[in-house]
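Undergrad: All chains, full assembly: derive it from the sequences and hints.
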Amino acid sequence: MEDKQNLTDRDSMRRALRLARQGMGKTSPNPMVGAVIVKDNRVIGRGYHHRFGGNHAEINALHNASESVAGATIYVTLEPCCHYGKTPPCVDTIIQHNIGRVVVGTLDPNPQVNGKSVELLRQRGIETKVGILEEECRSLNEAYARYITTGVPLVTVKFAQTLDGRIATASGDSRWISSEKSRRLAHQLRTINDAIMVGIGTVLADDPQLTARLVRGKSPTRIILDSRLRIPLEARVLTEPELAPTIIATTARADEEKLTRLRQMGIEVLPTGKDERGEVDLRQLLGMLGQRGITSLLVEGGAGVITSLLRLDLVDRLVVIMAPRIMGKGIEAVGELNISEVSQTLKLSFTRTHRMGEDLVVEARVNRD
2 MEDKQNLTDR DSMRRALRLA RQGMGKTSPN PMVGAVIVKD NRVIGRGYHH RFGGNHAEIN
62 ALHNASESVA GATIYVTLEP CCHYGKTPPC VDTIIQHNIG RVVVGTLDPN PQVNGKSVEL
122 LRQRGIETKV GILEEECRSL NEAYARYITT GVPLVTVKFA QTLDGRIATA SGDSRWISSE
182 KSRRLAHQLR TINDAIMVGI GTVLADDPQL TARLVRGKSP TRIILDSRLR IPLEARVLTE
242 PELAPTIIAT TARADEEKLT RLRQMGIEVL PTGKDERGEV DLRQLLGMLG QRGITSLLVE
302 GGAGVITSLL RLDLVDRLVV IMAPRIMGKG IEAVGELNIS EVSQTLKLSF TRTHRMGEDL
362 VVEARVNRD
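Numbering (my numbering), first residue to last: 2 to 370.
I should point out that these hints are in silico values taken from the structure, not numbers from a laboratory.
In this text, all values refer to a predicted model and were calculated from it rather than measured experimentally.
Glycine is no exception: its CB is placed at the ideal position from the N, C-alpha and C atoms.
Heads up, a few of these hints could be off.
[To be verified] DSBU-like, lysine-lysine: derived pairs with alpha carbons at most 35 Å apart:
id: 1; residue 1: K40; residue 2: K117
id: 2; residue 1: K330; residue 2: K275
id: 3; residue 1: K130; residue 2: K117
id: 4; residue 1: K348; residue 2: K330
id: 5; residue 1: K275; residue 2: K259
id: 6; residue 1: K219; residue 2: K275
id: 7; residue 1: K27; residue 2: K40
id: 8; residue 1: K130; residue 2: K40
id: 9; residue 1: K182; residue 2: K219
id: 10; residue 1: K182; residue 2: K27
id: 11; residue 1: K348; residue 2: K182
id: 12; residue 1: K219; residue 2: K259
[What the hints assert, rightly or not] Pair ranges (Cβ atoms, derived):
id: 13; residue 1: T9; residue 2: N339; range: 48 to 58 Å
id: 14; residue 1: L271; residue 2: N42; range: 48 to 58 Å
id: 15; residue 1: P242; residue 2: N115; range: 32 to 42 Å
id: 16; residue 1: G274; residue 2: D174; range: 31 to 41 Å
id: 17; residue 1: Q97; residue 2: R16; range: 15 to 25 Å
id: 18; residue 1: V131; residue 2: Q97; range: 14 to 24 Å
id: 19; residue 1: P89; residue 2: S67; range: 21 to 31 Å
id: 20; residue 1: L215; residue 2: T352; range: 19 to 29 Å
id: 21; residue 1: H64; residue 2: G279; range: 49 to 59 Å
id: 22; residue 1: P89; residue 2: Q285; range: 33 to 43 Å
id: 23; residue 1: T308; residue 2: F53; range: 27 to 37 Å
TA: Put into structure tokens, the structure is as follows:
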């Protein structure tokens, strides 16, 4: 049975987590962080990281404190920083304000921090506790952790399918397999990811906008895989630049005249190497996106792109919307993965299942050894 102090710590960390989530979609490539200051069993300060480049959560909580924080406890979802970036080290400010106790949800995976701030606080005689609601705090910044430790974005694959696993009819019609509520969910996913990626086949078939127009929030950077630059110059992802930036990933197979025209239109064309089929080298592309500060990537198709990413083990999460429909013959979400035995199948962990309108949404994480 947990002691009273531990329960108090958990309650305060939950408050900090709620604050941290208010920065969702606004702080990248920085993490989302919330902070709560408690003194004499009273909350006297709250803060969260509002946007990239702005004050960190701890600083905002200290600024918002209603009275002296000397001797108080500060609860922070992520270990305070101890290095100079866009802002000075938060750990120094905590020490200067004579905080009496620091409770940290989880360590910062950034190699520049990763336990160094906790050690510094303890060296200064400040009681410091780590690991309160650690799983929730770590999950909140899954994309940041992936990016800061590997240099590539967290990849989430999202698709809507019928109960028998079809994402479109044999003729390619896919509007609309899922319900309107599920489509709003898809747009919410767009607002919390830095970028969205589709293959040229999706652009040619649907001429999508790839924006978050059904919900409030920022639209992600649009990335089109187009190894030969077949994209029409009148495609909406090119003619509506005010909605979101567009990057076209291509190869040496690209049409030179089309390449010139696109750059004249102000579209960023990103040449990559070729894979064994002459298509965009996806592994190299993810590294290039990471260099641009893109920490999270939502992939919405088509089937060839999804299959290639899974085959290369580049997928971290899946969000599958299953509609209560049976189609029979049609296009499958995932194609050939060269699996001949059940033991070779990709192993997943279901993280959440829920209803969305008439559909069932299954969220899963790819298990890696």
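Undergrad: Now tell me if each hint is right for this structure.
TA: Hint check:
no.: 1; hint: K40 x K117; result: holds, 26 Å
no.: 2; hint: K330 x K275; result: holds, 32 Å
no.: 3; hint: K130 x K117; result: holds, 14 Å
no.: 4; hint: K348 x K330; result: holds, 26 Å
no.: 5; hint: K275 x K259; result: holds, 19 Å
no.: 6; hint: K219 x K275; result: holds, 32 Å
no.: 7; hint: K27 x K40; result: holds, 30 Å
no.: 8; hint: K130 x K40; result: holds, 16 Å
no.: 9; hint: K182 x K219; result: holds, 19 Å
no.: 10; hint: K182 x K27; result: holds, 24 Å
no.: 11; hint: K348 x K182; result: holds, 29 Å
no.: 12; hint: K219 x K259; result: holds, 29 Å
no.: 13; hint: T9 x N339: 48 to 58 Å; result: holds, 53 Å
no.: 14; hint: L271 x N42: 48 to 58 Å; result: holds, 54 Å
no.: 15; hint: P242 x N115: 32 to 42 Å; result: holds, 39 Å
no.: 16; hint: G274 x D174: 31 to 41 Å; result: holds, 34 Å
no.: 17; hint: Q97 x R16: 15 to 25 Å; result: holds, 24 Å
no.: 18; hint: V131 x Q97: 14 to 24 Å; result: holds, 21 Å
no.: 19; hint: P89 x S67: 21 to 31 Å; result: holds, 24 Å
no.: 20; hint: L215 x T352: 19 to 29 Å; result: holds, 24 Å
no.: 21; hint: H64 x G279: 49 to 59 Å; result: holds, 55 Å
no.: 22; hint: P89 x Q285: 33 to 43 Å; result: holds, 36 Å
no.: 23; hint: T308 x F53: 27 to 37 Å; result: holds, 34 Å
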